[in-house]
Amino acid sequence: QVQLQESSPGLVQPSATLSLTCAVSGASFSGDSWWTWVRQPPGKALEWIGDIHNDGRTNSNPSLMSRVTISVDKSKNQFSLSLTSVTAADTAVYFCATRVGRRPCWGQGTLVIVSS
Amino acid sequence: DIVMTQSPATLSVSPGERATLSCRASRSINNDLVWYQQKPGQVPRLLIYDASTRATGIPDRFTGSGSGTEFTLSISSLQSEDFAVYYCQQFHYWWAFGQGTRVEIK
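If you read the sequences in order, they're chains A and B.
Mapping the first sequence onto my numbering, position 32 (from 1) lands on 32, and the numbers just tick up by one.
Mapping the second sequence onto my numbering, position 78 (from 1) lands on 1078, and the numbers just tick up by one.
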């Protein structure tokens, strides 16, 4: 059973870099899998941020592309999100996710607040 | 990229009545679509995958249909626990979510 768990950075300063990791259990970074980040601002819809394949290929939402970096650390069985130059508009619950067969699998989410 | 459009934004339904939610993709996604239910403070709960397959433990009052660009989620007889926000999502090209349909008590 695949389980995902996001780290909890909590509060991030405006203009700083938001960094999150997602610890993966029950799966390894091999084969044809994509590892995904999604976010949801308070009271708003879900938004796809981007993803990374086991072979290192990445995709990012065009609206965020210039600020997003997604990476994998196979030795720690985790993947990471870096979002630069954050503003209050980046305040959201951030989820990591993947697809297991034909079904999505989500972490519990972590609230990140951008504020001084 | 693919844009997902859900309608209506809000649906007011009485308990026991049927609810029909729509989701349209800006281009064909075959059947690579899922539906979620989300309540405040909770992770989206998977209801339907592959456009029409109920996820484990989902009651049969939830039915998904459609393929290509037009999809529907029907809830045959609304229970109190079904009042929530529903999202569609495509996996065909990257990920993309609809804006959600809020199902509220009439």
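The hints are simulated quantities; they were obtained by calculation from the structure and are not laboratory data.
Keep in mind that a hint or two might mislead.
Ranges between beta-carbon positions, derived for each pair [said to hold, decoys possible]:
| # | chain 1 | residue 1 | chain 2 | residue 2 | range |
| --- | --- | --- | --- | --- | --- |
| 1 | B | Tyr1093 | A | Gly26 | 24 to 32 Å |
| 2 | B | Ser1007 | A | Asn54 | 34 to 42 Å |
| 3 | B | Gly1068 | A | Lys76 | 23 to 31 Å |
| 4 | B | Thr1056 | A | Gln108 | 12 to 20 Å |
| 5 | A | Gln5 | B | Arg1018 | 37 to 45 Å |
| 6 | A | Ser28 | B | Arg1061 | 35 to 43 Å |
| 7 | A | Asn77 | B | Lys1039 | 36 to 44 Å |
| 8 | A | Gln13 | B | Thr1069 | 37 to 45 Å |
| 9 | B | Asp1050 | A | Ser85 | 33 to 41 Å |
All residues carry an ideal CB built from backbone N, CA and C; glycine is no exception.
Results for each hint:
1. Tyr1093(B) with Gly26(A): 24 to 32 Å: 27 Å, holds
2. Ser1007(B) with Asn54(A): 34 to 42 Å: Once the Cβ atoms are compared, 37 Å apart, the range 34 to 42 Å for Asn54(A) and Ser1007(B) holds.
3. Gly1068(B) with Lys76(A): 23 to 31 Å: Roughly 41 Å apart at Cβ, these two residues miss the hinted range, so it is violated.
4. Thr1056(B) with Gln108(A): 12 to 20 Å: At 19 Å between Cβs, range holds.
5. Gln5(A) with Arg1018(B): 37 to 45 Å: 38 Å, holds
6. Ser28(A) with Arg1061(B): 35 to 43 Å: 38 Å, holds
7. Asn77(A) with Lys1039(B): 36 to 44 Å: 30 Å, violated
8. Gln13(A) with Thr1069(B): 37 to 45 Å: The hint (37 to 45 Å, Cβ to Cβ) holds, given that Gln13(A) and Thr1069(B) are roughly 43 Å apart.
9. Asp1050(B) with Ser85(A): 33 to 41 Å: Once the Cβ atoms are compared, 39 Å apart, the range 33 to 41 Å for Ser85(A) and Asp1050(B) holds.
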